[in-house]
Amino acid sequence: MTLALSGEDVAAKLEPQFPGSIIESRGNNLLVKSESLFDLASFLKTAPGLDFDYLTSITAVDYYDYFEVVYHLTSIKHNHSLVVKTRCYGRDNPTVPSVVSLWRGADFQEREIYDLMGISFDGHPNLKRIFLWEGFQGHPLRKDYL
Amino acid sequence: MRFERYGIGVAKGMALTFKHLFRHPITTQYPEEKLTVSRRTRGNELVWDRGKCTGCATCAKSCPQGAIRIVTSVSTEENKYLVEKFEVDIGYCIFCGLCVESCPFDALFLSYDYERARYRRQELVMAKEGLLLSEKKQPSGYARPKVEATLPKQTLLLDRDKVKK
Amino acid sequence: MTIFNPSFSSVNHYSATLPPDWPGGFWLHWGVFVVIIFAFVMAMVMGFIYLERRGIGRFQVRLGPNRVGPFGVLQPVADAIKVLIKEDIVPAKGDKWVYWLAPVVAFVPALMIFAVVPFQDGALLADLNIGILYVVAISSVSVVGIFMAGWGSNNKYSLIGAMRAVAQVVSYEIPLVLSIIGVVLLTGALSMNKIVEAQTIPFILLQPLGFLIYFLAACAEINRTPFDLLEAESEIVAGFHVEYSGMKFALFYLTEYAEALAISAIITTLFLSGWRGPILPPFLWFLIKVFAVFCLIFWVRSTIPRLRIDQVMAFAWKCLLPLALINLFITGIQVIVWPEALPWAVVFLNLAIMAVLVVLWSKFFRLGGGRVEV
Amino acid sequence: MAIKTEPFVINIGPVHPSTHGVFRMRATLDGEVILDMEPVFGYLHRGIEKLAEGRTYTQNIPFTDRLDYLASMSNNLAYVMAVEKLAGISIPERAEYLRVIMAELQRIASHLIGVGAFLNDCGAFMTPFLYMFREREKILDLFEMVCGQRLTYNYMRIGGVSQDIPEEFLPALDKFVRQMPSFIDEYDQLLAENEILLARAKGVGILPKELAISISASGPVLRGSGVKWDIRKADPYSVYDRFQFDIPIGSTGDTYDRYWVRIQEMRQSVRIIKQAMEQLPPGEVLTEVPHSLHPPVGEVYGHIEAPRGELGFYLVSDNSIAPYRFHVRPPTLINLTALRDMMIGWKIADAVIIFGSIDICLAEVDR
Chain X
224 MTLALSGEDV AAKLEPQFPG SIIESRGNNL LVKSESLFDL ASFLKTAPGL DFDYLTSITA
284 VDYYDYFEVV YHLTSIKHNH SLVVKTRCYG RDNPTVPSVV SLWRGADFQE REIYDLMGIS
344 FDGHPNLKRI FLWEGFQGHP LRKDYL
Chain R
13 MRFERYGIGV AKGMALTFKH LFRHPITTQY PEEKLTVSRR TRGNELVWDR GKCTGCATCA
73 KSCPQGAIRI VTSVSTEENK YLVEKFEVDI GYCIFCGLCV ESCPFDALFL SYDYERARYR
133 RQELVMAKEG LLLSEKKQPS GYARPKVEAT LPKQTLLLDR DKVKK
Chain H
9 MTIFNPSFSS VNHYSATLPP DWPGGFWLHW GVFVVIIFAF VMAMVMGFIY LERRGIGRFQ
69 VRLGPNRVGP FGVLQPVADA IKVLIKEDIV PAKGDKWVYW LAPVVAFVPA LMIFAVVPFQ
129 DGALLADLNI GILYVVAISS VSVVGIFMAG WGSNNKYSLI GAMRAVAQVV SYEIPLVLSI
189 IGVVLLTGAL SMNKIVEAQT IPFILLQPLG FLIYFLAACA EINRTPFDLL EAESEIVAGF
249 HVEYSGMKFA LFYLTEYAEA LAISAIITTL FLSGWRGPIL PPFLWFLIKV FAVFCLIFWV
309 RSTIPRLRID QVMAFAWKCL LPLALINLFI TGIQVIVWPE ALPWAVVFLN LAIMAVLVVL
369 WSKFFRLGGG RVEV
Chain E
70 MAIKTEPFVI NIGPVHPSTH GVFRMRATLD GEVILDMEPV FGYLHRGIEK LAEGRTYTQN
130 IPFTDRLDYL ASMSNNLAYV MAVEKLAGIS IPERAEYLRV IMAELQRIAS HLIGVGAFLN
190 DCGAFMTPFL YMFREREKIL DLFEMVCGQR LTYNYMRIGG VSQDIPEEFL PALDKFVRQM
250 PSFIDEYDQL LAENEILLAR AKGVGILPKE LAISISASGP VLRGSGVKWD IRKADPYSVY
310 DRFQFDIPIG STGDTYDRYW VRIQEMRQSV RIIKQAMEQL PPGEVLTEVP HSLHPPVGEV
370 YGHIEAPRGE LGFYLVSDNS IAPYRFHVRP PTLINLTALR DMMIGWKIAD AVIIFGSIDI
430 CLAEVDR
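Listed in order, the protein sequences are those of chains X, R, H and E. Heads up: the first sequence is residues 224 to 369, going by this note's numbering. Heads up: the second sequence is residues 13 to 177, going by this note's numbering. Heads up: the third sequence is residues 9 to 382, going by this note's numbering. Heads up: the fourth sequence is residues 70 to 436, going by this note's numbering.
Be careful, since some hints might not be right.
Quick look at which bits of chain E chain R covers, simulated, 3 or more residues with Cβ under 8 Å [to be verified]: (1) 221–232; (2) 236–248; (3) 263–272; (4) 287–301; (5) 336–343; (6) 365–373.
Note that these hints are calculated values from the structure, not bench results. No residue lacks a Cβ here, since even glycine has one placed at the ideal position from N, Cα and C.
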């Protein structure tokens with residue numbers, strides 16, 4: 224059984240390293256500031272005992288006020304999982320750091336989110352539309368796109 | 013890369029295809045030979061029982077594609093809804109069967125037929141006369157166990173394939 | 009144009025074989041025989057197409073075409089009619105002349121091979137004393153047509169297919185010829201008719217390795233599986249004829265089967281003792297053997313996957329060519345040292361040599377290739 | 070004198086026999102060798118994630134059929150399990166077993182297509198493909214018997230399965246399960262030892278273990294690279310913890326290993342079906358679920374081991390009748406991440422079989 228790590232426990236481990244970067248931890252969720260996401264993710268990937276070597280999925284949700292980007296992390300080594308979330312504000316050019324350099328599996332998923340949700344990923348090597356064509360107006364998965 | 017197996021692998025494969033030369037072909041020559049479809053087949057078009065329908069429009073609500081259109085009027089002397097319009101746009105229908113499952117009065121069936129190609133798109137919009145249950149329009153047993161019991165057994169390739177193991 | 013000169017030796021020979029009471033002169037007979045052979049090739053090709061489609065159908069537990077005519081025998085006719093009435097599309101930016109000429113250049117050599125194929129004793133259009141050399145010379149001209157098609161289509165897929173075709177056919181020509189020389193050594197003649205006459209026992213028994221090499225190389229020559237790289241529908245769609253339609257496509261299709269027929273006929277002549285056989289008339293024996301060889305070709309086609317281009321080339325140069333040379337060497341020794349040896353002893357010896365060589369090559373030969381660092 | 074050559078660009082697809090749908094690879098070639106490759110998606114994008122936000126939870130089940138149309142049952146299962154997790158619905162025991170049987174039958178059917186198409190890409194002229202279609206046909210017959218359709222099953226419901234199996238189903242399934250192993254042996258005999266297939270597939274398109282994990286590969290692609298990761302074992306859902314089965318893994322991660330893993334998984338699926346048939350309990354197959362389901366506010370990620378990899382559904386509920394967000398984790402889109410790495414330096418012929426060995430379904434990639 225994949226053990227869903229408790230957000231509080233992980234937050235307690237992370238807090239000394241990244242003070243103030245964790246906004247909230249509830250259940251197996253961890254809500255972090257988008258500025259410190261990349262450092263935190265690289266810590267999660269390499270820290271012994273955590274070893275989140277497998278990025279299961281990335282997705283984004285539009286909550287009108289902000290976009291929430293959700294990372295589902297799994298460790299194949301220890302068979303446990305964690306959900307990391309981050310928020311980005313503004314509808315014109317919301318940006319979060321890209322994690323492609325940590326998990327290459329993020330490549331197409333971040334492009335997909337950029338395409339359909341309009342969130343830019345800072346540091347993505349090839350950030351362009353994936354399903355829709357270049358020049359398409361708008362981002363269909365946003366709630367205000369009709 | 014080497015040919016480690018001295019051609020034995022190729023020979024084995026060719027022996028297998030040769031064995032298949034003497035097996036019974038599994039082709040069904042369709043227009044002449046017809047297999048019996050499943051008793052629960054979700055065939056083209058819907059079949060509608062006017063007597064049982066109360067015009068509650070549950071089917072229209074449950075349709076993911078919005079392919080069913082119902083217009084009702086209230087009949088005061090009979091104290092019930094009269095179905096004025098019952099239209100199904102088969103062009104939109106994805107034959108998921110959710111309407112049939114959700115019908116509380118067993119008034120809607122999927123059809124047992126599958127040969128329902130049309131030449132024109134407007135012919136795909138079936139009005140209520142075209143949907144009525146009749147001799148020609150057999151209902152299928154999908155979500156209707158009573159109908160299912162009356163239908164013939166499905167032919168299976170498992171039974172037709174004459175390979176003895 | 010020496011070949012049309014009636015003083016040419018084969019013509020004299022041919023005239024000599026005519027019964028003296030036949031009406032008409034040489035040219036009349038020549039014309040009649042050409043028409044007969046053309047009709048024969050067309051009929052056989054249709055038979056082949058039907059047989060292959062039905063046969064592969066049965067290999068794949070299907071029925072195959074069975075709608076047109078009794079048992080679907082008219083299916084090739086229906087196919088031909090369908091293809092003829094199709095729109096003839098020429099790529100706008102293609103090389104028009106090359107595009108137009110390519111099917112003809114590919115088809116004519118395939119037909120020309122039948123000039124020297126002996127259908128029964130003496131029944132051949134021209135009993136050239138260099139018969140087999142003529143076959144070798146003519147059969148690889150088709151590849152020019154294929155390259156023209158690939159080039160003229162102005163399509164990258166067809167160009168890749170054409171490049172593959174040239175590389176492949178040129179490479180496989182060498183083991184093909186070397187394996188023929190083994191037979192020629194045994195016979196001492198290049199004439200196809202003489203080769204058949206010399207086969208008291210079929211040469212497939214005296215030359216098992218030669219047969220194997222010839223069969224594989226011939227499959228590559230006529231682009232049959234596992235060497236059908238230039239068509240390779242799963243990689244380069246249809247290769248050189250991807251842009252062809254209508255009549256021109258039909259010609260390519262016809263070429264493919266005419267070449268298969270020609271190769272079957274030559275294998276029959278060289279290794280399966282041609283028209284020789286007991287009880288049945290020689291012509292029938294010839295047909296039976298041709299069909300048997302063709303069945304083997306499409307049986308292979310229905311079973312095994314395709315090689316990659318570098319593997320195909322490696323197979324020709326590293327496997328078939330050395331084997332063909334060794335075969336030639338052994339045959340030469342046998343012809344010189346034991347010209348009158350008991351044939352059956354030689355048969356078993358050669359079979360043993362073939363087994364040893366195949367095992368050795370399977371063990372040590374490497375296909376090479378693989379990933380290229382870029 | 071050196072011959073001057075220059076690379077050229079060729080579009081493999083969108084209409085190409087070996088792209089298994091409408092996929093485009095924009096390849097830069099030097100002769101036959103691939104120098105660079107860029108995948109182009111989106112020809113089959115239908116916006117299912119957006120469509121699903123406007124439909125109720127139940128109405129979305131037929132849409133999941135249309136994601137990976139070669140594994141509709143698995144998609145149904147993943148989706149209804151996610152919704153059940155979201156709404157806290159428990160389902161009858163019999164329904165769990167029926168779901169497992171269907172999912173495993175679907176895995177066999179899907180792998181048959183995957184392996185058949187892979188061998189077809191290798192150039193085996195349709196024969197293995199048609200042999201495998203024959204067995205798939207038998208599975209489709211069984212599915213048709215149960216749910217009335219042959220491709221878009223729409224069989225699972227929130228709270229169970231739509232209908233109980235008819236009485237002739239179990240005898241037919243039993244017959245199939247007894248036949249199937251010998252057919253798998255036949256596939257092995259046909260090509261598994263074939264020298265040409267070995268020459269074509271062994272050592273080609275190697276996906277190293279570390280890369281496979283890094284690109285979040287899943288399913289046979291990940292296991293072919295030698296990672297023992299199967300969600301049925303790692304995070305057992307439904308009743309998978311009650312069955313005995315092995316996880317076949319490859320050693321080098323080449324195309325042949327992926328092919329081999331698929332063949333072995335079919336054998337394991339047959340094993341699971343046998344056990345599930347023995348343990349199948351009687352009883353109800355569908356719990357009462359309100360017609361308009363309002364799951365509580367929250368979010369859930371449900372995942373299963375679909376034939377092509379980890380299929381996940383991420384659902385966000387705002388207590389209305391429709392999901393607020395409906396996200397699919399498509400296994401094949403993510404498996405394609407390493408396509409470029411696997412292809413570069415190989416030839417066109419290899420590119421086709423590397424692509425075939427990933428076994429994608431474009432309807433799921435593009436959604």
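Q) So which hints don't hold here, by number, going up? A) Numbers 4, 5 and 6 - these are the hints that the structure violates, sorted from lowest upward.
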